[in-house]
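S.K.: The lines below spell out each chain.
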Amino acid sequence: MEKKMTDIIEVNQLVKKFKLRKKSTGIKGLFRPEYRNITAVNKISFNIRKGERVAFIGPNGAGKSTTIKMLSSILYPTSGIARVKGLIPWENRAALSYHIGTVFGQRSQLWYHLPVQDSFALLARIYNINDIAFKRRLAGLVKLFEIRDLLPHPTRSLSLGQRMRCEIVASLLHKPQILFLDEPTIGLDVTAKEIIRNLIKKQALEEDTTLLLTSHDTDDMEKVCERVIIINKGRLIFDDSIAALKKSYLSKKYIEVTTDSGEKIRHVVNTGQKPVKQALDELIRQYHITDITVENPPMEEIIKEIYNRD
Amino acid sequence: MGAKFVSFCRLFLLIQKNHAKTAFLSKSDAFVNVLMMVVNNFSFIFMWWVIFENKGSINGWSFGEMALLFAVMNNAFAFFALFARGSQTLPEYIGNGSLDNFLTTPRNTLFMISVSESTVANWGDFITGFAMFFLSGYVSWNSFLLMLLSSFCAAIVTYAFRLMVSCLAFWAEDTQRLGDNIFMAFLTFAGQPASIFTGWYKILFLTVIPSGFISLYPVEIIKNFSWSALGWLLLGSFGFLFLSIKVFKFGLRRYTSGNRFGIR
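Going line by line, the protein sequences match chains A and B.
When the count follows our numbering, it moves up by one through the first sequence with no breaks and lands on 310 for the last residue.
When the count follows our numbering, it moves up by one through the second sequence with no breaks and lands on 264 for the last residue.
The hints are simulated quantities; they were obtained by calculation from the structure and are not laboratory data.
These numbers come from a predicted model, not from an experiment.
Treat the hints with caution; some may be incorrect.
Said to hold, decoys possible - Simulated pairs of lysine to any residue, SDA-like, Cα-Cα distance not exceeding 25 Å:
id : chain 1 : residue 1 : chain 2 : residue 2
1  : B       : Lys-249   : A       : Ile-81
2  : B       : Lys-21    : A       : Ile-81
3  : B       : Lys-246   : A       : Thr-78
4  : B       : Lys-249   : A       : Tyr-98
5  : A       : Lys-201   : A       : Tyr-35
Please construct the entire structure, taking both the sequences and the accompanying hints into account.
M.R.: Shown next as structure tokens:
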């Protein structure tokens, strides 16, 4: 993607290789271990504009989390360059931390036994937020994320959905311009997922926060983001809007007909081989139909197809 | 610089307040833990008292010197365990990827890791340490101040050694137990009369396993103050601290993170 002045994240030919020790037996393996190189991220390049909401998706082991960890200053790359808010993350860890927020769905930044409000107060101290600014900021976030009742409760007593709302608030206290969300809806039930998605999007729109979100749930991508970057085996294989993704990969239509006996029949039509109209004509001739629905394949299937093509 | 230092102190105090709040969620548990630590320490000291009662002295050390050693050692360990125990948990942070949390804050990563853990039971070490100082027979204001300074330096050596051992986790997997065993050896040697280690043993315990900086110089300084002994103690403790920070920074570049499920 072409570099623009408003790019807040710039990634150029980023590579991350890990050295994994091979399992070995005997004395030789103990003193002369053998290693194999794993390329987790392989020369990926992309730019993200300020305020963009980008889904970063790929199968397990594709390199999503590794990329996010390099951009949020946790990991050093093997080669390549990245700039977040004009700063090289791994060289400007402290300065960058004021501009970014991180939410790792599998990990917590809240103190397990203490009331949530104590963790927030500590984070405010860590980020050097003065008391007045902290109270004002917290009041706004508490209202937006509806967590007033949760503040006096210890983290250990919260449900996963409640905890995730508090985690996101914790990562937003210092008003970061960029929010990295690594699987924020992992393990949540359908209702909790929906709440989290809505809140993330609402906050991003209100404060023009740039989002980079990884998830295995395609609904997270569709409902929160406007652009999608897909990586597989460490390589970037798609980078465009969600609308463009659907358009490029919609070679199938699902037709569901309900017959007069109440039976529901589902047909998959490959539009490259047969037009939808022809398929509909055939179905009408074959059955006594009372209802017809024509649908695009679910996003999940589109993604699966992209992975398979790769 | 001044504002930065004040901000750093305020953060340190708030973290300690949170540790205290966590520890005193069950007040009775906390008090029993502290009491048991004192009992545990004194049972070990009692064994040495019996030895000295029977032997009189070991290479010039009597129970008075041993009591000074226990004063310094217990206070040093209390400083370490109450205010910098996170260095001991570092292999776990590296193994499960929770080190990530410390890397995304604007504060010094090593400071945040070090203060992330505290064990309330180790207030019992302070109680033991001060009690042993008063039982040593070397009680004066001068000795008291030197004992505090020596304990602080010994705490720095303890912290630095533990940090270096913990940093093994940047190079190898599952080093928590190995690190704990090496650290236990360090503490065991620190709790012996320094007079029994001479020649090559003395060099060994001032370099590879620097327990000599707990047992040798502090007792010497409190008993017969000399600037050279104080100089060696300061040089050794801050030298090891400098080295441990270098090792940590070098290891951090190898950090590969992880994704184990968990909570702080």
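S.K.: For B/Lys-249 and A/Tyr-98, compute the direct alpha-carbon distance and say whether it is at most 25 Å.
M.R.: Since the Cα atoms of B/Lys-249 and A/Tyr-98 sit roughly 22 Å apart, the hinted pair holds (cutoff 25 Å).
S.K.: Is B/Lys-21 within 25 Å of A/Ile-81, Cα to Cα?
M.R.: violated, 44 Å
S.K.: Is B/Lys-246 within 25 Å of A/Thr-78, Cα to Cα?
M.R.: The hint holds at about 21 Å.
S.K.: Keeping to a limit of 25 Å between CA atoms, is the pair of A/Lys-201 and A/Tyr-35 held or broken?
M.R.: Roughly 43 Å between the alpha carbons, so the hint for A/Lys-201 and A/Tyr-35 is violated.
S.K.: Hint check: B/Lys-249 vs A/Ile-81, CA-CA at most 25 Å. Holds or violated?
M.R.: Status holds; Cα separation ~21 Å.
When held up to the earlier numbered hints, the structure conflicts with 2 and 5 and fits the remainder.
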